[in-house]
Structures are given as C-alpha cells and as structure tokens.
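Could you put the whole structure together from the sequences, leaning on the hints where they help?
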Amino acid sequence: MSKLENLKNELKALSGEYAKIKELKAEQRSAFGAKLNAKKAAILRQIAELEVATESAKVAPIDLTAPAAPNHLIPVVNQGTKHPLITELERVIDIYSRMGFDVMESYQLDDEFHMFESLNFPKDHPARDGYDTFRTSEGFIPPAHTSTMQHRALLKYKDNLEKGGQIAVVIPGRVFRNEDVDATHEHTFYQCEGVFVSRDANMGQMMGLLKNFFETYYEQSLNIKTQPGYFPFTEPSIELLIEKPKSLGGKGDGWLEMLGCGMVHPNVLSQAGIDPKKYRGFAWGGGIERLVMLKYHLNDIRYFESAKLDFLKEF
Amino acid sequence: MKISLNSIKKYVDINVPTDELIQLIGSRLVEVEGHEDLSLKYANIYIVKVIECSLIEGTHLHLCQIDTGKETIQVVCGAPNVHKGMLAAWIAPGAIVPQTYGNENFKISTRKLRGYDSHGMLASIYELDLSDNHSTIVEIDPKMAKPGDSFTDVFELNDVILDIENKSLTHRPDCFGIIGFAREVAGILGQKFVEPEAIDLPKIAAGELTIDIVNSEICPRYTAAILEMDDATSDDKYLTLSDVFLGKLGMHGISKIVDITNVLMLETGQPLHAFDYDKFIQIGGAKTAKIGVRLAKDGEELQLLDSTTVKCTSNDILITSNHVPVALAGAMGGMSTAIDVSTKRVLLESASFSLYNLRKTQMAHGIFSEAITRFTKGVPPSGTAQVLAQAIEMLGGKPVAIADSYPHPAKPIKITLTTDDINSTLGTDYDTDLIVKALENVSIEAKVQGAFEGMRSHGEHERHAPVTTGRADAPRKSTCTLTITTPLWRTDLHIKEDIIEEVGRLLGYDNIPLDFPTRPFIGSVKDPIFTLKSTLRNILSDKLGAHEVLTYSFISAKLLERVGQNPENSYQIVNSISPELQYFRQTITPSLLDKIRENLRSGHTDFTLYETNQISQKSAGLTKERTPVTSNHLAVVTLGDYYQIKAILTNLEASLKLDFKLQKFTDDSAPYFEPLHSVNIYIDNTLVGSMGEIRSQILQNFKLKTSVSALELNLDELPTTVVVPSNLKFTKYPATERDVTFKVKESTTFASVHELIIGTFKANDDLVFKVTPTSIYQGINGATRNLSFHLHFASLTHTLEANEISAIMDLITKNITQTLGAEVV
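Listed in order, the protein sequences are those of chains Z and D. Position in the first sequence (first residue = 1) + 12 = my numbering. Position in the second sequence (first residue = 1) + 5 = my numbering.
Worth flagging that the hints you see were computed from the coordinates, not collected in a lab. Do not take every clue at face value.
[Stated by the list, open to error] Mimicking DSS-like on lysine-lysine, the simulated pairs with C-alpha atoms at most 30 Å apart in a straight line are:
{"id": "1", "chain 1": "Z", "residue 1": "Lys20", "chain 2": "Z", "residue 2": "Lys47"}
{"id": "2", "chain 1": "D", "residue 1": "Lys563", "chain 2": "Z", "residue 2": "Lys290"}
{"id": "3", "chain 1": "D", "residue 1": "Lys538", "chain 2": "Z", "residue 2": "Lys307"}
{"id": "4", "chain 1": "Z", "residue 1": "Lys168", "chain 2": "D", "residue 2": "Lys629"}
{"id": "5", "chain 1": "D", "residue 1": "Lys501", "chain 2": "Z", "residue 2": "Lys135"}
{"id": "6", "chain 1": "D", "residue 1": "Lys563", "chain 2": "Z", "residue 2": "Lys320"}
This is the structure in structure tokens:
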C-alpha cells in the first residue's frame, strides 16, 4: 500500500473518532475536539505535500537564475524612465496641492514689468543686478525667478479675496540666469514659488506652513531657523533654513538654506489692485535642483540638462 | 565685506561668546559667510631687532643676527632693505606664514641657505598678508615696539574678522561702515547704542572754494575742504597701524593721506577722496578752486589713478576743476590730481552720489572698488560733513577753506503705525515697551502716542479700542499707536512695513510662534497643462518605455541651421555668455535630435526620448500682456521609421482618449520632417502637431546613420478636460472570431479598408465589435497588397446564428470588393 493510501485510510479512521465526542463529558469535549482537529490538519498537510511531490516528479527542473529558457529569445521589457527633476517637482507640487494650493506654471519668456517693476524693484536699482538676466533683442526676459508670476497670480485670484476667500497658489517653472555653468551652477534651473494672501496672513503662519511642507517632504519632524534677507518684493524678507534631515545624513547639527520668503510688499499687492490695508500676504520661492542633488547625493548639476541616458536610466 | 570684531567692540559691549554673536548676527542681521581668528593666523610672529647684517658674497642675501628679546638668532634675508639696527617682524620657526594661512598653511622652519642656518624669516607685508608688496621686509617704528614684543599685540591683531554676505545688505548703506554695523550688533544684543559724538566742521569760510552741482539728483551733497599739510609728504617707511587695519580688512596702505580717508570709509561707510589741490588748480587753469559736478558727455576721456583711460558714457558723473574732468565720481580719482610725495595742499571731498548712475558706471567700466561698492548702496547725504570734519582732525593739517553744497537737506521721515500692525503682521504678541526699546536701541525714535495722558487717567498706556491680533482664538490684545522718527542714515525706512521688519528682525524671527494660515477646506485647482504633462510622463515612461529628458530652452545658431529652422523666427538672446545659448527654441525636436548620437555612442540602443517644455515662435506674436506667446510642447523621438513613432502616437491617443486625424504634412515649423513620410496631426479641425521621419539630409547633419522618427504636439491645443468614454455597450452573448484578408490595389489605403469594415459593423446597432489589423503583405511585384484583419463581434440581444454570421461577413466582403475593387483572398 502506498504512503498516500495509508494517509487516506488514517483520515477515514479519524472521522470515526469524532463520533466519540458525544460520549464525553461536556468539559472534556473541547480538548478532545482540538486534539482531533490537529491530527486531521497534520494528515491533510502530509497528503498535500505528497501530491505536490508526485506532480513535481514529472516536471523537468529549470535554471531559475537564467533570464530565459535554453534556445529561447531573452524577453525584453522596455523600461522607461522619468527625469528626477520633474519627479521631484511633481512631488513638491503634490504636497502643496494637498494643502489646498492652486497650481499655475510660469512663462519662459517674460518682460521687464513682470520680472522687476511689478515686484517693486525700482528702475535701474542695483538689486536687479543680482539676477543676471538674459535679454532678447526686443528686451524680453527669460525670467530669473518664478516670482515673475506673482503679479499674474494676484490678478487671477483676487476675486477670491473679494468673496471672502484667500489666494493660495504655487507656481513651478523653469528659470534662467546668465552665468557660467560648472558643477554647482546652471544657467537653466527650476523653481517653485508660493503666494498666499488673506485678511490675517502673518509671518508665524508662513513659517509654520513652510516648516510643515519640509516635514511632509522629508517625512520627519524638523527644526527651522531664519536669516534676514533682502528682496524688494517682500517686507520683511527672510531666508529659511531647515535642520539637515536624517535621510540626508543629518545628525541634528547641520542646517540647509532652503528658500527665500517674506511678507508680500504692499506695493506688490496694490499694483495688482489688492488693498494692502485690507489684505496681507506671504510668498516664498526655492530651487528644485538642490532638493534632488541632496536626495541622491549628486555633485554635478550639469547632469540634469545633459539628456544622458547613462544618468537618466538610474532613476 | 570684512568686519573687524575689535572695531565693533569699540562701540558695543559684547557680552556673549564669539560663536553665539556670529549666530545672532546671522539670524538677525545678515549671513556671516565665515570668520577668521587673526590671533591664530598671526601666532608666533615677533618684533625683532637686526643687530648684525652682512651681505653673503656672490648673492643678494644678507646674513643677519637678530635680537628676539630672549636670544640672538641667525636669519638669512633676501630683502634689499634689511639693515643693521632696524626693527622687523620675525616669523619664528614652527609658525605658519600668514599669507598661506587657511590654504597651504606653510610652516616656517630652520633651514640651510647657502650653507648658513636660517631660523624663521623676516617678513614682508606680503607674507603678513596685509598687502601685495613682497620686495621689501616691513620695518617697525622703534617708538611702537621693542624686541620680543608679539606682533599681534603691537598691531592689534588679537581680532576676529567676519566675512559678511553683501547681497542681503543691498538696502543698508549704513551697515557698510563699522559704526553702522556696531549699531545693529548693539540692537541685536538688546543694548542701547551710544552714538559716537558728532564733530562739527571747523567754522571756516568757503572763500574762493566754489561747488557747482549741475543737478542735485546725481549729487545730493558735496562737502569739500582745502587743507594745508605740514608733513603730508613725509612718507612713512614704517609699518603703521593703518596699514595693518586696512590690510586685515582686505585693503592696503598707500600713503598717509589716502590711508586716513580709507580708514574713515571703513569706519563710517562714507567714502572720501583726496585731490592734490595745487594740481587741481593748475589743471583747471583758474586761480581758485572751482569744483563742478556734472554728467559726462558720451566719449569724454579721463585717465584714472590706476593709469587706465576710460571713455565715459552720459551716465557717468564727473568731478571737474573749472570744467576740466579730474575724477570719475564715486569710482576713482584722476591721475592728473593724484596725491604724491610733493603734495602740500589737499582738497578733500566727502560727497553723496546717485546710486543709479554709479551702478551704471560700475557696470560700464568694471570698477569694483570699496568706494563704489558703498556708493552703489546709496551713501546717505546726511553724514558727509561729519566725516569730513573727522578727516580734517585726523589728517592734522590746517583747513583754509570749507564748502558744503546741500541744496535739499534730508529730513527725518515720520511713520505712524500701531503695535497691532506689528504683532498681527509678525504673528507675535510683543508688548509696547519691548517694541519701543528694540527700535530705540538702534536709534530709531519711537513715541507712544498719548501715553502720558493715558498713564495719568488710567495708570497705563492709552489703549485704543481692543483689536484682535489676527486669529480668532488669539488672546485679545490692545494696541498702541507709535510715531516713528527715522535717523537720517536709515535711507531704507519709508513705510510701516519697514518698521515691522525692524522689530521682527531685532527681536528675532526665530522667536515668532509658528502657526498655520486660517482658511476653509476648498478643493484646489491644478494647472491643466501641469496635469497633462504628468499624465504624459506616466504613459510615455511607465507604459511605452520612453526616457524623459530635459534640454536647454536656448539653442545655438548651428542647431537651427542643422534642422533648417529660420533664426528670424526665434527670439534672440543678446547678452548670452555662450554661442550655444543664443536663440529661444521654436520646437523641442531639434534639441532631442541633438542628443541621439551621444547616447548611441555610449552604447544605448533602441531608445525613445521625450521632453515636455515651453517653446516660442516669433510668428506666434504677442499675448494681450504684450509678452511673447509661449506654448507647451511634447516632443518624442525614437529610433526607427514612421510606423515606430506612429505606434507611440496611437498609444497616446488611446490612453488620453483622444481622436487624432492624420492628414497631409504641411508643417513649416518642422522642416526637418520628410514630407512624404510625415503627417499633420489634427483634433477636429485644429492642428495640434506633426509627426514623421527625419529627412536623411538632416540625419547626416547630426551624423546619424540610423533612421529616426519624431512627433511634436502642442499641448495647449489638446482638450484639457478628460474625455470620459460614454455609451459603452457590453454583451453577455458569445462572440464570433473571424479572420479575413483582402487583396487590394497598391493605391488603396489601409485606412479606406479599415474604415469600411468598421462602418459596416457600426451600421448594425445590435452588434459590438473589434477590428484588429493582423498583417500587411506586399508581394515582390508590388502591384497589390494583402491586408488581413481579425474580426471579433457579438450581438447585444442573442447568440448569433450561423446564417447571421455569414450575412455579416458577406456584407463586409461585398462592401470592400465593390467599393474598393478589392478581392477576398
């Protein structure tokens, strides 16, 4: 008699045992039943194992580590890749979206008014020098910051204020500065701008919101600190630093400068037809490249615009 | 900018450790980029006396015995000015040469030179890192020191130098002087700043000294004095405290007169200029000093102190002597009136110029002196006389004439705001006293309006009606009105927000309690293009195996030429740093074509690249805002023929639920496509892009040997609302599968057969169906093609009977054969 048949007989015999439960005292029944169940389960497991083994005996083994069977084409699956910079930008935007911010993109060709005038840069002011702007022969400007969109965002959403709501927008975009390219400098890079206007916006709200953004982004709680800054379009202006996150090797000591921010200058609000006596706003802007470089420990910014598959296929 | 901590300590009692101070400055005034402890940099350098000195035969070297205060030591010295009896600075063995400190850290040792032991070295001012002259060693005035004295003690080098990031002080000219910086440090430390006592100009008449400012906008104030110098020319051979002071702050000593003007500039932020008065008179040709301040004429030339000759522009401001230019105002003096060893009389200038003009001067002539750096921040006119008075006192000459032209004297600005304005903007709960004290520490006067009356009647400050500080749950705090009077040097304070910033900064932004915006929960709106781009990335990368790339928005003339695009249709960048970045691209495909070869050479095969980005074509004109029209495009390039790229388009079409119509190629903006192997892409009647094979000539231009196809879509023209499939029909009855092949003439298009089959099915409301092309066969003679399709169909209402199925197949066959002259194979 085969082993399988033996087991099946044992199983049959076992079903008979169950009938004895009735003869036992109530308090003994449960223990007896459990014992039978365990026995039954063990037999069933052995039967199953035997059945699989019997079937496998008929199957030829293969090299599980090989990419294909002998004499077969190796299957090719085209694995596409996404650019890490855009992936990160989407992640940033996603966090702000979930906070309730609308999204609009910046223009890659703009004018003096949006680049400077609308942002309270006096004409010919040295503060304009810091931006190293490119210019076209017509005098248009490929923007040097996404703040060029602030005026448009304020115009577009100012109805919200009149209806008792707020302006809450983030603006991602590609920006340009006329400088030589090296491992840490690019003339073409990405920024994300944010603008919030309400009746009671203040610096405490701004810092709380930005802290929360970085905590969400780095998935940990973080300390922040500030540094006074100077931007003609915000007053007060500060630079925000965050504690180096654990995921970047931070041990609670180092600080990273993440973005410039401040309360929207009243001139910027009034230029867009928003009464600065009634409303206040805050705005901020920061680069995306740095986030990606820190994340992946990249030390050369030039990879991003290189279109080198050697680089891109790593993401 | 470099700031000496010792200099600040002259004005402020610093009661915190240096590290903490640097941190406080960083968080409340300006970023400190670095700091250097000079006591370490100048460690083990001593004053020594050369007691013996003889030339080593056949060399320019001297063998010296020096008295170090402890012992006599031998040093070999190569400087021509080493001589017996002089006091010198000796870098002892084991010390680091200051000039190399922080870089290679070169350690001086005992070594043999020409057979003689040389212990340490006698230092030049270059090795001491205080100037760039290394031909002579420094000589020290015996009145200042004796052998054995520490160099750091004698020359006040027990100091820490802070390296300040200038950019965030662009609006703070007052902080470009030690006094102004110290005032801020006091404020940060919560101390009242004691303003240095003002010195008045000596009461001396202008006499024949006249100042003629053509336009007070370019020069709000010009203050000048003529000084008769007793010993101006006795040029010091000794290393002076000024030399060291200037040296440690990145400048260097030139002559006594010039050094004093420079030291004062560093101290006060007010640049001064000294002319040789006799030369000034002579070049002007008048008997008296006629100072003029005017704009230059285009092309007017002037030789500057550094011997270069500048060609002026009409933005430059010139100082003239009786109409003859003698200085490029605010930037650099002229050669013709330079101070030299024979200068007997000095004309001292202390002035304020328009920062706008000087900024252009700086850019046009590339002058980045300490003086112009300050002038381009807007040196306030209020302080010129005071600094001139100090200069007269320090120079020690006899003032014979003083003139001051200040047509529109600055007045303090008054700003009124409430403490609630401050607290509600910052999100704080600061009380009035704290705010007033913070402002007054930095000499900003803040009067609490009606406070006294309030105190009399209520025993406390007058309270206005209570105003809540923003948040509904915040404690209700009453508010006081403040009247602010700004000091004249604070040219950056104009509006109440400026005062709010001062309070926030001085009391520490880091002390503001964190909060969140108060707002209702409202669904946010995503930019449709941003969302579409994101969807495209998912389809192209995750589904179709393509690689997303980013390439520059600016391209070269060469690339435009390679793809046959007209540069006239591109916005041209006029100040580009590189010929590679001269034109804004018209389409993205050329940038991607440019990246194929390099990737092939790196061993990548069979790849597809894509990019979504903005483009602009001049022909598209301007927006309502009068800015160039930019469009969001998607470009895809793949290795392979037309059908390769078409498969990608078909996939995009299905994934996006769009209905592309392909028609004859006419796209002028894409001259790189082979017209016979390319199509225009339409949605309804809107042209949304084009697609096809790259012309072989273009491939050659890119040195590509493989065929390449591409597609480019204008994303702004695609429907932004998601197309939801509607009228979906499913059946529970079994489906029929049939294969059918038609032999058609070569001129019969695939689409005409395909559409006819579909049309036949569609005519029958009861059917659901799927038509899948399975093969296209063309024989060797090529006159006909065999098109095969797999048909899958079923009824919505019942199981199809055999006769019904034959009827459907017959109808299809009949339609195709009769309409297109095809036959069934």
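Taking only the CA atoms, is the gap from Lys563/D to Lys320/Z under or equal to 30 Å? Holds - the C-alpha atoms of Lys320/Z and Lys563/D are around 21 Å apart, at most 30 Å.
Taking 30 Å as the top limit, are the C-alpha atoms of Lys501/D and Lys135/Z close enough? holds (22 Å)
Check whether the Cα positions of Lys563/D and Lys290/Z lie no farther apart than 30 Å. violated (54 Å)
Run the distance test for Lys538/D versus Lys307/Z: straight-line Cα separation, threshold 30 Å. Distance ~23 Å between Lys538/D and Lys307/Z Cα, so the pair holds.
For Lys168/Z and Lys629/D, compute the direct alpha-carbon distance and say whether it is at most 30 Å. Cα-Cα ~14 Å, so holds.
Is Lys20/Z within 30 Å of Lys47/Z, Cα to Cα? holds (18 Å)
Violation of the numbered hints given earlier is confined to hint 2; every other hint is satisfied by the structure.
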